[in-house]
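If you read the protein sequences in the order shown, they are chains A and B.
Position one of the first sequence corresponds to residue 1285 (my numbering), numbered consecutively onward.
Position one of the second sequence corresponds to residue 1285 (my numbering), numbered consecutively onward.
Rather than coming from a laboratory, the hints here were simulated on the basis of the structure.
Even for Gly, the Cβ is constructed at its ideal location relative to N, Cα and C.
Hints may be right or wrong, so weigh each one.
[Stated by the list, open to error] Covered by chain B, according to a simulated footprint, are these stretches of chain A (three or more residues, beta-carbon under 8 Å):
1. 1354 to 1367
2. 1427 to 1438
3. 1538 to 1548
4. 1551 to 1557
5. 1580 to 1588
6. 1601 to 1611
7. 1629 to 1635
[What the hints assert, rightly or not] Here are the simulated DSS-like pairs of lysine-lysine, each with C-alpha atoms no more than 27 Å apart in a straight line:
8. B:K1622 with B:K1605
9. A:K1605 with B:K1569
10. A:K1605 with B:K1623
11. A:K1431 with A:K1371
12. A:K1645 with B:K1645
13. B:K1371 with A:K1357
14. B:K1371 with A:K1623
15. B:K1371 with B:K1569
Listed below, chain by chain, are the residues.
2 protein chains.
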Amino acid sequence: MKNSNSKTSALSEKEGVAAPEILKTKSAAAIQGLRKKQPSAEELISGILAGNITSLSRAITLIESTNINHLAKANTIINACLPYSKKSIRIGITGVPGVGKSTFIEAFGTYLTGLGKKVAVLAVDPSSTISHGSILGDKTRMEELVKDKNAYIRPSASGETLGGVARKTRESITLCEAAGFDTVIIETVGVGQSETAVHSMVDFFLLLKISGAGDELQGIKRGIMEMADAIVINKADGENIAKARAAKVEFNRALHLFPAKNSGWNPKVMTSSSITKEGIEEVWKTITEYLKLTSDNNYFEVKRQEQNQYWMMETIEEQLKNDFYNNPTIQKLLIENKKAVQNNELSPFAAATVLLEHYFKK
Amino acid sequence: MKNSNSKTSALSEKEGVAAPEILKTKSAAAIQGLRKKQPSAEELISGILAGNITSLSRAITLIESTNINHLAKANTIINACLPYSKKSIRIGITGVPGVGKSTFIEAFGTYLTGLGKKVAVLAVDPSSTISHGSILGDKTRMEELVKDKNAYIRPSASGETLGGVARKTRESITLCEAAGFDTVIIETVGVGQSETAVHSMVDFFLLLKISGAGDELQGIKRGIMEMADAIVINKADGENIAKARAAKVEFNRALHLFPAKNSGWNPKVMTSSSITKEGIEEVWKTITEYLKLTSDNNYFEVKRQEQNQYWMMETIEEQLKNDFYNNPTIQKLLIENKKAVQNNELSPFAAATVLLEHYFKK
């Protein structure tokens, strides 16, 4: 199981509620037998801390499980791994479909392992239930990295809300770091709200763009450009080179119109090619410059603390809302009151008051 | 009381918990006597619908009151006014302090009343407790508009959270519209989160900027530029003209890099001067173009409906959070758990779970 750091072997570890097909044909007794072989939390923790990829994959599977019985075990593992999660750099990579995220990560990840780094690639893709794992799913695009023993690629947890997927990815980062991965790349699908979630769990946020064909005008969600610590104009090869350079000038100009970042960092614009590998080194150089700056001014640590607080509050507030909106009386009243608001019979505030009174009376 | 549409007379209507100084020196019986003279909800409603400014001011004072006994009366009035609130245009105006918001509104508002429009100017300024009414407070800057009988200027409700101030401003819009004001301008102080709140209650969002002196690089909050339906480079007079025109070119270029708006509207960049009045007419022309476009494609109505839903949900979620965070046990646990998260002893999710279990057990 030494080389189990590919997408396929990670998937074969899946367990819990969604039992692998092969299990479904076995008897309950056989399943019970298999289940008994599951390593304990302690075994998984020591495996992870020793850098064992199988232990890491199994623990992430526990985190991803929707089986309530796995939750306590998962939490024990996460809390044990937490003290070891500080020595990494977390890089978020976003961009619309077609921008070349997978090939960029392949080239960038391979460059990093060449420098002696250990690279984990995770993803936030709440849409993957529908698209059946649209990102990190196309292994052919990450052929080299998948075989690289210093890389670990794990597809996105699926079948959940963004909040659920984000939480699982975030906790998977902790485990990867405890397993010795010093560079964690989080890919986002580039649609929906996943960029914001990823931005809130990484140290450095990179936006991939391509030049030409009106790409500047559409595709990426509003507000994403302002989040970026770097914009990389990808596919800057062959006939695209001139256009990519023009786009670089344009984005550089635009970035100057944005307000200054709390980090003190001025976002950079670069071009890159996953084919010629041009620009890949420069991206890493930029990230190390960022690391130097934010370590010196302490922003790196401050941001991580803020992110922790953010996720704690976010989890709380999501659950408070869930409890409210899943209440059957509320659901009924909500429909009625929404209609009254729509028909200008009731102000939004008055409608909210009606619902809140019912909820807190329960 | 016919001319009571100035800031001063609006303020003199304040009542409720924060009793005017003069009342504090009177006996309880005298206060009771004064209170008895308060018009009923029905009287205020018919006054508002007849365009009576005194009734409007008194009703807004009820909305702004923190006295719980005024709430039901305020809600009755709001709900009665709702059906009359559809025929207006709501314009949000933001910009950092010093950009000339007051003088711009003075010039723009006066231009509009000259066209026969009835203009109400409201403000969202949750900081006004500290700054003692920093916006709309300096009457000398709106000398003309204050005296204009087709204008109604009301300073921001004070002493509250942003949520509270925003709710009150939003409901005041309804009353102004029911009183016949067809153009409602909402000013924001340009700091904090008030821009987002104002953006969520207006049809058209206008960002005021000034050119030169590094203004492009700082001051305005992140994300605001993307919200703008128009950017107006203000103070484009005298020596500033050339710089303002250069800034216009620059912003125009930058806006093209943003994703398309749901409204189908391409944000415009203009220059203006509150001294020479240049550009003021063009701003209004732009807004009428926007109105035409969004009426034709139905976005205008869709957006208002979405805003109503947004404010209903926002109110609900704010109250859910208040109930949670004001719980004394939670407050105690929150401090402990935040510390544990900070020290990497507990994951943010595990910490949230502890708090939620306590809350829902109560």
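Outcome of the hint check:
Restraint check on the stretch 1354 to 1367 of chain A versus chain B: 5 residues with Cβ-Cβ distances below 8 Å, three needed, restraint holds. Evaluation of the coverage hint for the stretch 1427 to 1438 of chain A: breached, as 0 residues show C-beta separations to chain B shorter than 8 Å, against a requirement of three. Interface restraint, the stretch 1538 to 1548 of chain A with chain B: holds (6 residues with C-beta to C-beta distance below 8 Å; minimum three). Here the stretch 1551 to 1557 of chain A counts 0 residues with a CB under 8 Å from a CB of chain B, which misses the bar of 3, and the coverage is violated.
Interface restraint, the stretch 1580 to 1588 of chain A with chain B: violated (0 residues with C-beta to C-beta distance below 8 Å; minimum three). Only when three residues or more bring their CB closer than 8 Å to a CB of chain B does the claim for the stretch 1601 to 1611 of chain A stand; here the count is 6, and the claim holds. Here the stretch 1629 to 1635 of chain A counts 7 residues with a CB under 8 Å from a CB of chain B, which clears the bar of 3, and the coverage holds. Proposed proximity of K1622 of chain B and K1605 of chain B is supported: the alpha carbons are some 17 Å apart, at most 27 Å.
Taking the CA atoms of K1605 of chain A and K1569 of chain B, the gap is near 43 Å; set against the 27 Å cutoff, the hint is violated. For the given pair, K1605 of chain A sits about 25 Å from K1623 of chain B by alpha-carbon distance, which is consistent with the 27 Å threshold. For the suggested pair K1431 of chain A and K1371 of chain A, the alpha carbons sit about 25 Å apart, so the restraint of at most 27 Å is met. Restraint check for K1645 of chain A and K1645 of chain B: the C-alpha separation of about 15 Å stays at or below 27 Å, so the hint holds.
Distance restraint check for K1371 of chain B and K1357 of chain A: the Cα-Cα separation of roughly 59 Å exceeds the 27 Å cut-off, and the hinted pair is therefore not satisfied. Between K1371 of chain B and K1623 of chain A the CA atoms are separated by roughly 20 Å; this keeps the pair inside 27 Å, and the hint holds. Straight-line distance between C-alpha atoms of K1371 of chain B and K1569 of chain B comes to about 18 Å, which keeps the hinted pair within the 27 Å bound.
When each numbered hint is compared with the structure, violations occur for hints 2, 4, 5, 9, 13.
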